[in-house]
Amino acid sequence: MTESRNRKIWSTPWRYAESIAVVVALLVIGYLLQIVVGEFNFFLLAKPANYVIACVITFICIAIGLRCTKSSFARWLSGVEMSVSLIVALLLLTIIMGFTPQTTHSHSLLGFDVMTSSWAFVIIYTITLISLGALVVRRLRVFRIKDYGFYLNHFGLWLFLLCSGVGYADMERYIMHVREGETEWRVYDDDENIKELPIAITLLDFDMDYYPPKLAVIDLENGEVLPNGKGDYFQIDNDIPKGNLNGWEIEINQYIHNAVRNSDSTYQEVHMPGATPAAKVTAIKDGIIRTGWICGGNQAQLFMTLSLDDKTSMVMTVCEPRKFISQVEVYTKSEKNISAAIEVNKPLRVDNWVIYQYGYDNNAGRLSSYSSFELVYDPWIIPVYIGILMMMAGSLSMIWEGKRRKESENDVE
Amino acid sequence: MMWSNFIWFALPAILLWLSSGALVYSKKNERLSNLLMLAGIAIFAFFIAGFWIHIERPPMRTMGETRLWYSMFLSIVGFVAYRRWKYPWLLSFTAVVATVFVVVNLVKPEIHSKSLMPALQSPWFVPHVTAYILSYAMFGSATIGAIIQLWKKDQNKGVFNFIDNMIYVGYGFLMLGLLMGAIWAKEAWGHYWSWDPKETWAFVTCAAYLGYIHIRLRRNKKSNTVALWFVILAFILLMITWIGVNYLPSAQSSVHVY
Ligand code: HEM
Numbered sequence: 001m002t003e004s005r006n007r008k009i010w011s012t013p014w015r016y017a018e019s020i021a022v023v024v025a026l027l028v029i030g031y032l033l034q035i036v037v038g039e040f041n042f043f044l045l046a047k048p049a050n051y052v053i054a055c056v057i058t059f060i061c062i063a064i065g066l067r068c069t070k071s072s073f074a075r076w077l078s079g080v081e082m083s084v085s086l087i088v089a090l091l092l093l094t095i096i097m098g099f100t101p102q103t104t105h106s107h108s109l110l111g112f113d114v115m116t117s118s119w120a121f122v123i124i125y126t127i128t129l130i131s132l133g134a135l136v137v138r139r140l141r142v143f144r145i146k147d148y149g150f151y152l153n154h155f156g157l158w159l160f161l162l163c164s165g166v167g168y169a170d171m172e173r174y175i176m177h178v179r180e181g182e183t184e185w186r187v188y189d190d191d192e193n194i195k196e197l198p199i200a201i202t203l204l205d206f207d208m209d210y211y212p213p214k215l216a217v218i219d220l221e222n223g224e225v226l227p228n229g230k231g232d233y234f235q236i237d238n239d240i241p242k243g244n245l246n247g248w249e250i251e252i253n254q255y256i257h258n259a260v261r262n263s264d265s266t267y268q269e270v271h272m273p274g275a276t277p278a279a280k281v282t283a284i285k286d287g288i289i290r291t292g293w294i295c296g297g298n299q300a301q302l303f304m305t306l307s308l309d310d311k312t313s314m315v316m317t318v319c320e321p322r323k324f325i326s327q328v329e330v331y332t333k334s335e336k337n338i339s340a341a342i343e344v345n346k347p348l349r350v351d352n353w354v355i356y357q358y359g360y361d362n363n364a365g366r367l368s369s370y371s372s373f374e375l376v377y378d379p380w381i382i383p384v385y386i387g388i389l390m391m392m393a394g395s396l397s398m399i400w401e402g403k404r405r406k407e408s409e410n411d412v413e
Numbered sequence: 001m002m003w004s005n006f007i008w009f010a011l012p013a014i015l016l017w018l019s020s021g022a023l024v025y026s027k028k029n030e031r032l033s034n035l036l037m038l039a040g041i042a043i044f045a046f047f048i049a050g051f052w053i054h055i056e057r058p059p060m061r062t063m064g065e066t067r068l069w070y071s072m073f074l075s076i077v078g079f080v081a082y083r084r085w086k087y088p089w090l091l092s093f094t095a096v097v098a099t100v101f102v103v104v105n106l107v108k109p110e111i112h113s114k115s116l117m118p119a120l121q122s123p124w125f126v127p128h129v130t131a132y133i134l135s136y137a138m139f140g141s142a143t144i145g146a147i148i149q150l151w152k153k154d155q156n157k158g159v160f161n162f163i164d165n166m167i168y169v170g171y172g173f174l175m176l177g178l179l180m181g182a183i184w185a186k187e188a189w190g191h192y193w194s195w196d197p198k199e200t201w202a203f204v205t206c207a208a209y210l211g212y213i214h215i216r217l218r219r220n221k222k223s224n225t226v227a228l229w230f231v232i233l234a235f236i237l238l239m240i241t242w243i244g245v246n247y248l249p250s251a252q253s254s255v256h257v258y
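If you read the sequences in order, they're chains A and B. The opening residue of the first sequence carries number 1 in the numbering used here; numbering runs sequentially from there. The opening residue of the second sequence carries number 1 in the numbering used here; numbering runs sequentially from there.
Honestly, I wouldn't trust all of these hints.
Said to hold, decoys possible - Residues from chain B shown here face chain A by an in silico Cβ test under 8 Å; the list is partial: (1) Trp3; (2) Phe6; (3) Ala10; (4) Gly172; (5) Gly190; (6) Leu210.
Stated by the list, open to error - Simulated coverage check for chain A against chain B, where a stretch passes if three residues somewhere in it have a Cβ under 8 Å from a Cβ of chain B: (7) 87-95; (8) 363-372; (9) 387-393.
As the list claims (entries may be wrong) - Derived DMTMM-like pairs: lysine to aspartate or glutamate, alpha-carbon spacing no greater than 20 Å straight-line: (10) A:Lys323 with B:Glu30; (11) B:Lys157 with A:Glu401; (12) B:Lys108 with A:Glu401.
Since the hints were made in silico from the structure, they are not lab data. Ideal Cβ placement from N, Cα and C applies to all residues, glycine included.
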């Protein structure tokens, strides 16, 4: 590296000094724009603008990539020093983002709270995209099969960044609430505007299953779980019927997952929508023995607590859901009629739409009279997935081969 | 096998690991040292398997559970890397760091409940978390290498080679973990990347190691030193991603509980 030591900045070939200077200049331009015109509006990129932009960027990448043999500028833009400078710039911007709570509309001058739509971020992202694209083209000209990992990683990332970036504005997502037994085709967008979709959903049935609840001791005065500030809980588990809870030795004598209360305040197992978990518990402390049923209750049944002394009671916590599932019938304009069960992690694909289980009436839980779905339309998802899969294959090549390439003063070719 | 049994596996494993890490420096006891290390790993793995069966879900949900995996992977990675590169310090350092994480789990286990919210019930859950923790373990050993390399004034080519490979392999796992997470998020919530705070920090970690990988493509004494500092910086960022995010004001509603 003797050459770089005494060399004047801006004399070719450009190295770190020039790359860092250019990236800093780009950041300064970004922040000036941010101050003057405010954040970047991604929805300007909606169809068809994004198709044009994607083509223009691709064209620029190819043009610069092909110029690399002749132009030292093109070589610099797609070279190691520039790539490091760009990656470090993205690193700095995302670190700031990681420390700043993000919002939808900026309240700060520099737009740190809307980082991904701030001009600085968008500019660095775009230049990275161009640098990366040009690099791929340049290396494809000297194609070598043993560089497969390089192509998979860099082309995969390029495709991913391009399509997820420009595709963002074309994505549509809506919420639909459907009552049990009814059919719905109206949806709400983020701003609560109503829209009609070419898809209708009939909710045949909504059901939930829960995990066994926990027990806790509460202070009757303020309802807080004891000990104060660091509540102690006992997880009901048939394998572990005994334990300690806030100084009480407790034993679960019986646990019923779907229980209904009898007239004498005991519980029995009944499978019906209004059933709720209940447990018969014995608690012992300093010779005092308390035995009784405890139940968390729901909209159909009252809760039941076990009084321990004047100030404290043992109670059951609200159960955490194990799964919630909607039996639906879906109709489309294309005359399709599909019946399916939709649950979290198991969405339903219909034409270009994907339907996700979204929510239910949290207060009613299992007795919820409606189910909410999220409907997502994402036309750019296929190239994004191709990019992801290419990067996964590229990752495997890195695991398989480790570092093969030796350091050098200049780029490949 | 319950959490309350942990100490009966943890203490023997620690004893085996640490004695292996001490014996590895004497040529005579090399075989013994290897056997002790493997025995420690086996005991630890046995506990994790039993615990997994007992709680009826993958033990990867809470902070304490991810530490469990970290201790195990670190000891495995340390052992395999030691066999491959023949640096005894690798074995001792990873044994010590794995021990630290076991001790943290003994002192501050954090709640281990059986429930797993519906969004986490997915075939992607286990590979997503294991790929991540595995990469963390490799980056951990690369960081140890980088500190040693910065300590000694003359830069040893072999150690640099080791750091490079650990970071390449670790980066491969990191990307796999990240990309599987993206596919999973699409299945569960309809979007593969939503810049949730944990995702933002995962990107930060990725970018930092990517910086190292690309800096190292140039042969240059100065950039080598920068690269070594980058390994340390990247590891600090990784720790923020893994442990610190939960404490940041920007992350109060994240789906990532660990
Ligand atoms: C998924 C992300 C990435 C991975 C895994 C990755 C990995 C690698 C690896 C392993 C090499 C050396 C291998 C070889 O040359 O055969 C390399 C080279 C290179 N990468 Fe990346 N990289 C990534 C993203 C990027 C980005 C975002 C840029 C630029 C903005 C970039 C620019 C470069 C450059 C300029 C080279 C040197 C190529 C040459 O000398 O011909 N990479 N990358």
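Status of each hint after checking the structure:
Interface hint at tryptophan 3 of chain B: violated, since its Cβ lies 10 Å from the closest Cβ of chain A, which is beyond the 8 Å cut-off. For phenylalanine 6 of chain B, the interface hint is violated, the least distance from its beta-carbon to any beta-carbon of chain A being 15 Å, above 8 Å. The restraint placing alanine 10 of chain B at the interface with chain A is violated, with a minimum CB-CB distance near 20 Å, outside the 8 Å limit. Here the hint on glycine 172 of chain B is kept, as its CB sits about 4 Å from the closest CB of chain A, short of 8 Å.
Evaluation of the glycine 190 of chain B hint against chain A yields a held restraint, the C-beta minimum of about 4 Å falling below 8 Å. Here the hint on leucine 210 of chain B is kept, as its CB sits about 5 Å from the closest CB of chain A, short of 8 Å. A stretch counts as covered by a chain when three or more of its residues have a beta carbon under 8 Å from one of that chain; for the segment 87-95 of chain A and chain B the count is 6, and the coverage holds. With a threshold of 8 Å between beta carbons, the proposed coverage of the segment 363-372 of chain A by chain B is violated, since 0 of its residues qualify and at least three are required.
Given a C-beta distance limit of less than 8 Å, the hint that chain B covers the segment 387-393 of chain A holds, as 3 residues qualify and 3 suffice. Taken as a hint, the lysine 323 of chain A and glutamate 30 of chain B pair is broken in the structure, with Cα atoms around 52 Å apart against an allowance of 20 Å. Note on lysine 157 of chain B and glutamate 401 of chain A: the hinted pairing holds, with a Cα-Cα distance of about 19 Å set against a maximum of 20 Å. For the given pair, lysine 108 of chain B sits about 39 Å from glutamate 401 of chain A by alpha-carbon distance, which is inconsistent with the 20 Å threshold.
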